[in-house]
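**Q** Here are the chains, one letter per residue:
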Amino acid sequence: MMKTTKLLNDRSVQVQAQRKSWVRAAAAGTAIALGVAAASAFAADPHKIGAVFALTGGASFLGDPEAKAAQLAIDQVNAAGGINGRRVELIIEDSKSTETAAVLSLRKLITQDNVSAILGPSRTGDAMAAIPIATENGVVLLPAVSGVAVVEPIAQRKWIFRPGQGGDLSVGKVLDYARRAGWKRMGILYSSDAYGEDGRDNMRKLAASKGLSIGREESFSPTATDLKSQLTNLKNAGVDAIFMHGVGAPSVVVYRNARELDLKIPLVSGHGQANSAFRKAVGDDVVGQPVVGAPVLVWKEMPAGPLRRASEDFSNKYTAKYGTPPDMFAGIAYDSARMVLKALAEVGDDRAKIREWFETRVKAYPGVTGTFTFTPTDHAGLSSDALIMMIATPAGWRLADYEK
Amino acid sequence: MTSSDIAPGVRSGALSNAQSAKQPSAPRRLAIWLPLVLLAVVPLVSRNPYLLSVWTFILLNLIVVIGLDLLVGYSGQLSLGHGVFVTIGGYASALLTTKLGWNGWAAIPAGMIASGIIAFVIGAPTLRLRGYYLAMATLGFPVVLDAVLRNWGGITGGSSGVTGIPRLAIGDYILKDAVAYYYFAWVVVCIVFFVAKLIAHSRFGLSLKAIHADEPAAAARGIDIARAKITVFVVSAVFAAFSGSLYVHYVQFIGPDTFGVLYSIMLVVMLVVGGAGRLWGGVVGTIVLMWLPELLRSTSTWEPIVFGAVLAVVMLCAPKGIAGLWARRAAILYAAQREAGAAQPPDRTTRAVAVQGDLLAIDNLKRNFGGVQAVGGLNYHIAPGQIKAIIGPNGAGKSTALALIAGTLPPSAGVIAFAGNNIEALPAHARARLGIGRTFQHIRLIADLTVIENITLGLTAIGERNPHDDKHRAAPDAIVGSLVERLGLADVADAYPGQINQYQCRLVELGAALAGDPSLLLLDEPAAGLSTAEVDQLATILRTERERGRSIILVDHVMQLVMTIAEEILVLEYGTAIAQGTPAEILNDARVRAAYLGTRNASRDGAAHASAANAGVANA
Amino acid sequence: MDFSGIPQFVAGGLTVGAVYGLVGAGFSLIFKASKVINFAQGEFVVLGGLVTYSLVGLFTGATLSATLAAALTAVAVLLAIGALLYTLLRTAKRGSNEFTYVMVTLAVAIALRGAAGLVWGTEYKTFPLYPRGSVKVLGAVVTYGTLITVAATLLVSLGLWLVLYRTMIGKAMRACADSPMAAQTVGIRPQRMVLYAYLGSAFMGGLAGILLTPILMMSYDNGVMLALKGFTAAVAGGLANPFGAIVGGLVIGTIESLGVGMISSELQNAYAFVALLLVLFLRPQGLFGGRAELAR
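Protein chains in written order, with the numbering used here: chain A, 1 to 404; chain B, 1 to 620; chain C, 1 to 296.
Mixed in with the good hints there might be a few duds.
[To be verified] Simulated pairs of lysine-lysine, DSBU-like, Cα-Cα distance not exceeding 35 Å: (1) A:342 - B:176; (2) C:93 - B:320; (3) A:264 - C:136; (4) A:210 - B:99; (5) A:353 - B:176; (6) C:93 - B:197; (7) A:68 - A:353; (8) A:280 - A:300; (9) A:321 - A:68; (10) A:205 - A:280; (11) A:158 - B:176; (12) C:171 - C:93; (13) C:35 - B:320; (14) A:300 - A:210; (15) A:353 - A:363; (16) C:136 - A:184; (17) A:235 - C:136; (18) B:197 - C:35; (19) A:205 - A:264; (20) A:264 - A:300; (21) A:300 - A:184; (22) A:48 - B:176; (23) A:158 - B:99; (24) A:235 - A:210; (25) A:363 - A:317; (26) A:321 - A:300; (27) B:99 - A:205; (28) A:280 - C:136; (29) A:48 - A:353; (30) B:197 - B:320.
Calculated directly from the structure, the hints in this document are not laboratory data.
Given the structure is predicted, the values throughout are model-derived calculations rather than measurements.
Given these sequences and hints, build the entire structure.
**A** Below is the structure:
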């Protein structure tokens, strides 16, 4: 019996060995193929702009429109013959909403692709991780985030320029509106992430100076599914209005919850809601409520001028190409891209020259999100005129009365 | 006695198969270091900062994965939340350096200690869970830590994380250069790998594998399972924290979700794809799965699909991971040890048991399972140097009685006194360490360990026993070596249990029990499935052990063994004793014959007829 | 502490808890039949919602009957996906244990999530299903959406119980879960039972998505958190017990909601896991798990 077992062992071992060696060969072959792919590098001839956006992961609702808008800007230039006869290539890398991937993307763009400047990242964490690398390597970085840490302290942010509105400006808008509306006690409802906490911190800092007090703070996780608990607590705290500063699905749900609870307290939202995805998803629940937004969303109501022209043009082209109107994030990316394109046209590929261009040659530049001005000591480009207060209408948005 | 005495044709038959008999050569043993050596070469091939960055992140993850392999691959504890410890290390370094101005080098051990303490605290209750419950519990840790970090933003920076973390510096030299940091990380990985290898290739490493494979067997060998699990959990947590610290000094930023749930799951994926339980498997898996997204950059929106496909294909075709495609891992302990043991004079001393009276005394021992009384009011005792047997029909409670004595089952009532001390509240491994060795009815060897490794495992049971006859106790290697010789396992010492026959397996299990130098041996049906010649040999072995002063309680159906070596036999039926006496008395006891031995042809010579009558009854 | 909000907190918790429970029941069913944790369970939910959304968009006018037709079709699609997953797992080599299968389901989850991102993009999608309006229960506003979701979950529970305990197929499934070998000796095909388990889980996952999306919207990325919470529900209920999972889900959802309302909303995600950890530490086999679970 022992012999039979031995034979069986032999045969099954043989069969297994055959299968194993086949798989091993396949594994080796794949390894070689991957190695070859890794060794190949990008060719380098046209102007090259890099972009690190969150195309996947939790922040993809930011990265997706940003990438589209940036690509639109580059495509327009190329269609018109490029810059000084040379094509422009936009290399978009996915930061996957994680710092590690953002860092790798950045390094690849800087050392492998030799880009002249970099748009993005989309997310605060990714931006903070990217700043040291951009600084060390001397490449202009345009993070599409609203935190103040991105541009201060200025001594360590020489290469960083912020194309987006500051969170403090957004909160300032809300407080202005609140004061006009005669509200005294505010409630804060913020998302537990960098963006939401930034809004909360700004609110805490600025409320008193505008004569308002904070009655209660509630937060929600970006994956929260129901906010009635928080709204109930805010209502019971007796606040005059609730300032909502957050992104993601909960920021839509909260309006529905408010209606279901028959809340009767106004819900003012920060600029995170200034996009068409939100407007479409929230439907009628937001009608009548104020939301901080960007001119590009209500360009039809804006007075004639370069700002309106730029917004109208951008909005039409974006809608034509992608089927939906652009939002503020797209606008920021579009403006960043166009500024870099202008720099390339005026000073060429040199990274240091581009940095200098940004610091000295951007004065009242009309973008679609506002008018940009950078100085050697202020790398935050937009001022408060870049933000406007909108009121939601059944059809979309309109400018708040006092803004007109 | 050598293995040639066993039925001819059996001898080493299994070993003409495949790999394991020969001692692996030095090159093969060093092969485990190959991936690390190759990693050293990377910066010499290219100084491209992007490529070096990818490799550096790989190195940082290796630090975690190698430690995780000890936990998941060796001891089989699935932790899906190990990012927690990376986060702890990272935040410790980040906060201590930015907020308190500590030197980075001082912050690293602080983070590691904090991580170890937290691992100990959460590990103690969590590791009592098994399988998926454990995995689920560990999955919760990153989520909870994330919420905590965001909530206490005043200290931790909240969702915005900690920025501006300084680089590490040695005096005036700042560790900033890409190549310098790479090699620094590489050195750390080598150290971690070396430490992990020391652990894995020690007796502790064998214990981990035993725990993974068969916890009751591990306990019977004297392994304190709970302590071993926590130890390896803490070790892996400390490694992870180290990685976190190095990360923050490289990226100069950390946030609450940098090492979140997805990262933690990815660690396990990299480990499993590479092949857990081999140390170098995790290295390969990490390299492959971290390069894959980089190579798929141009199609990044398709990357998840490709990644998922690759993972699925690997797991379907190579369930043990890439490393699993290679033959069984090289044995850790080789026959060299056996040779070393044979050179020493075999241990011939009789154990001086400093015990007055009975070695084991049982009073009114009971065990119920629901409404069934498996053992009812058992009184039993055995003196040093005695061999006694317990027999009875199936379901009589014999195995249960052994399990109660060994500690595998707690009693429902009753007192068990061993060498004068009450032991009924002690767990199995503690009793093994006191000197109770056992074998199981269904042989419990660790399939993943060789014969010699299985026996070495039994050394754990010697534990802290500090006998007066210390000078007579030989070195551990010699103990194992002489056992292997004595039991005739020399030729199969490097074989795996799956490659040797039933009798040899029995001997290995006996060897593992003997390695713990027990004063009491509990044998559960050792003769089941053995030929007549083998039973004879077994009897000889057992008698020799009695000469050495060991006591043996034997449960079996094979009367050839029972009747020849037992001085006294206890007969159980339905959990109670129905007869007790010498073999001759038992054979002639009418009640025993009625219950068990058979009433036809009951005769004086028990051996021949009893074994015939038992041909069907045995091997239950 | 203000207790007046409790009924509202509980109402909110039950809604989301019902979804956790359905997802958890899916986990439990597959685990019961094959000892495998199906990491793709969360993706079933996501696909249930997104596929329905697409189909609703196809029919002109989102009438109730059109939506229901879309929902039914989506369920059919989910069943097909469940069967595909099962078939894929069957191709595993010998030498695979449950852990291998778990890894494969994880791979499928990753791939499905990527595919969903490609097909539907990153935006949230929703479709109308529930009538507007609500009722007041103990001072709490309970929307029709909540009522329908909870009612549907209870119905599914009842259906599950009927199938598992009152039909031959259910008995066969339970037999296979206990001992596939013994079941084979009486002519049951364990693999067939495992297939039914996957189909059942896909159905429940898809249904959860259809119930959830009109309330909460769905995007390609939601699968991870849903799976985690659903898994929590399953474990809390005792892994091999689908009803335990549904009860577990309701309990976890309620604890989470109460925690947010009464303690702090910052620690939202933590409550579910802390509750789970407490359950496991005090009762390692889950609320309804039997002794058998302890041994796993």
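**Q** Hints first: check each against the structure and report whether it holds.
**A** Okay, the hints, checked on the actual structure:
Pair hint residue 342 of chain A plus residue 176 of chain B holds up; C-alpha atoms about 34 Å apart against a cutoff of 35 Å. Our distance criterion of 35 Å between C-alpha atoms is met by residue 93 of chain C and residue 320 of chain B, whose separation comes to about 10 Å. About 17 Å separates the Cα atoms of residue 264 of chain A and residue 136 of chain C, which keeps this hinted pair within 35 Å; it holds. With a C-alpha separation of about 32 Å, the suggested pair residue 210 of chain A and residue 99 of chain B falls inside the 35 Å cut-off, and the hint holds.
The hinted pair formed by residue 353 of chain A and residue 176 of chain B meets the criterion: a straight-line CA distance of about 25 Å does not exceed 35 Å. Straight-line distance between C-alpha atoms of residue 93 of chain C and residue 197 of chain B comes to about 30 Å, which keeps the hinted pair within the 35 Å bound. Annotation: proposed proximity of residue 68 of chain A to residue 353 of chain A holds, straight-line Cα distance about 27 Å (limit 35 Å). Pair hint residue 280 of chain A plus residue 300 of chain A holds up; C-alpha atoms about 19 Å apart against a cutoff of 35 Å.
Of the pairs offered as hints, the one joining residue 321 of chain A and residue 68 of chain A holds, with about 9 Å between alpha carbons and a cut-off of 35 Å not exceeded. Taking the CA atoms of residue 205 of chain A and residue 280 of chain A, the gap is near 33 Å; set against the 35 Å cutoff, the hint holds. As the CA atoms of residue 158 of chain A and residue 176 of chain B are separated by approximately 19 Å, the hinted pair is consistent with the 35 Å bound. About 29 Å separates the Cα atoms of residue 171 of chain C and residue 93 of chain C, which keeps this hinted pair within 35 Å; it holds.
At roughly 18 Å between alpha-carbon atoms, residue 35 of chain C and residue 320 of chain B fall within 35 Å of each other, so this suggested pair holds. A hinted pair counts as satisfied when its Cα atoms are at most 35 Å apart, and residue 300 of chain A with residue 210 of chain A qualifies at roughly 31 Å. Of the pairs offered as hints, the one joining residue 353 of chain A and residue 363 of chain A holds, with about 17 Å between alpha carbons and a cut-off of 35 Å not exceeded. Of the supplied pair hints, the one linking residue 136 of chain C and residue 184 of chain A holds, its CA atoms being roughly 31 Å apart against a limit of 35 Å.
Distance check on the hinted pair: residue 235 of chain A and residue 136 of chain C sit about 17 Å apart at the alpha-carbon level, within 35 Å; holds. About 32 Å separates the Cα atoms of residue 197 of chain B and residue 35 of chain C, which keeps this hinted pair within 35 Å; it holds. Simply put, residue 205 of chain A and residue 264 of chain A have alpha-carbon atoms about 27 Å apart, close enough for the 35 Å limit, and the pair holds. The suggested pairing of residue 264 of chain A with residue 300 of chain A holds, with an alpha-carbon distance near 30 Å, which does not exceed 35 Å.
With a C-alpha separation of about 33 Å, the suggested pairing of residue 300 of chain A with residue 184 of chain A holds against the 35 Å cut-off. With a CA separation close to 27 Å, the supplied pair residue 48 of chain A and residue 176 of chain B stays within the 35 Å bound. Between residue 158 of chain A and residue 99 of chain B the alpha-carbon distance is near 24 Å, which keeps this suggested pair within the 35 Å criterion. Between residue 235 of chain A and residue 210 of chain A the CA atoms are separated by roughly 22 Å; this keeps the pair inside 35 Å, and the hint holds.
Simply put, residue 363 of chain A and residue 317 of chain A have alpha-carbon atoms about 25 Å apart, close enough for the 35 Å limit, and the pair holds. Our distance criterion of 35 Å between C-alpha atoms is met by residue 321 of chain A and residue 300 of chain A, whose separation comes to about 20 Å. Restraint check for residue 99 of chain B and residue 205 of chain A: satisfied, since their Cα atoms lie roughly 22 Å apart, inside the 35 Å limit. Distance check on the hinted pair: residue 280 of chain A and residue 136 of chain C sit about 29 Å apart at the alpha-carbon level, within 35 Å; holds.
For the hint linking residue 48 of chain A to residue 353 of chain A, the alpha-carbon distance of about 15 Å falls within 35 Å, and the restraint holds. Annotation: proposed proximity of residue 197 of chain B to residue 320 of chain B holds, straight-line Cα distance about 20 Å (limit 35 Å).
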